[in-house]
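As given, the protein sequences belong to chains A and B, one line each in that order.
Just so you know, we're using UniProt numbering here: the first sequence kicks off at 1 and counts up by one.
Just so you know, we're using UniProt numbering here: the second sequence kicks off at 1 and counts up by one.
Hints were generated in silico from the structure; no laboratory data involved.
It is possible that part of the hints are untrue.
Partner residues aside, some chain B positions facing chain A, computed with beta carbon under 8 Å [unchecked claim]:
no. : residue
1   : Ile22
2   : Asn23
3   : Ser52
4   : Thr58
The structure displayed is predicted, hence computed values, not measured ones.
Every residue, glycine too, gets a C-beta built ideally from N, C-alpha and C.
Number of protein chains: 2
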Amino acid sequence: MKKPIFYHAGCSVCVSAEHDIINLMGADNVEIVHLGNDRSKIAEAEKAGIQSVPALVTSNGNVLHINFGASMEDVKK
Amino acid sequence: MKKPIFYHAGCSVCVSAEHDIINLMGADNVEIVHLGNDRSKIAEAEKAGIQSVPALVTSNGNVLHINFGASMEDVKK
Numbered sequence: 001m002k003k004p005i006f007y008h009a010g011c012s013v014c015v016s017a018e019h020d021i022i023n024l025m026g027a028d029n030v031e032i033v034h035l036g037n038d039r040s041k042i043a044e045a046e047k048a049g050i051q052s053v054p055a056l057v058t059s060n061g062n063v064l065h066i067n068f069g070a071s072m073e074d075v076k077k
Numbered sequence: 001m002k003k004p005i006f007y008h009a010g011c012s013v014c015v016s017a018e019h020d021i022i023n024l025m026g027a028d029n030v031e032i033v034h035l036g037n038d039r040s041k042i043a044e045a046e047k048a049g050i051q052s053v054p055a056l057v058t059s060n061g062n063v064l065h066i067n068f069g070a071s072m073e074d075v076k077k
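Just chain A, with the same shape it has in the complex:
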């Protein structure tokens, strides 16, 4: 099964949610992508349907937008 991917952009809302997600799911069970540091992944995130970060893409491709840190437009700036 494909590993869920947690996308974030390093904002305080994102970092807090990242800690919660890792606590809930276990660090080995989720891939973390920091779009601020790895900008080549922005297109991949948008293709997955992500509209804002932080967000979690589940194994079956569903997108769970969590709280609200930054829009994808803000991430691109």
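With chain A fixed as given, assemble chain B onto it according to the hints.
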């Protein structure tokens, strides 16, 4: 450790997120509260800091608002 609680109100966004959360965390690791069916829990949810459903309250009390189904005001109607 206190079990995380997933609050929802039976809307389609909620049900989809509920399936995702159970798949991610395992059914035994999260308590599910349906605020539409169990309206006595609405006050508890608000006290926990929930502003909209679906939302997950983590073991340490953080609230993760997931996607956006309905505001707490809508749930009360």
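Okay, the hints, checked on the actual structure:
1. Ile22: violated (11 Å)
2. Asn23: It holds, given that the least Cβ distance between Asn23 of chain B and chain A is near 7 Å, below 8 Å.
3. Ser52: Where the cut-off is 8 Å and the nearest Cβ of chain A is about 10 Å from Ser52 of chain B, the hint is violated.
4. Thr58: Interface hint status for Thr58 of chain B: holds (5 Å vs cutoff 8 Å).
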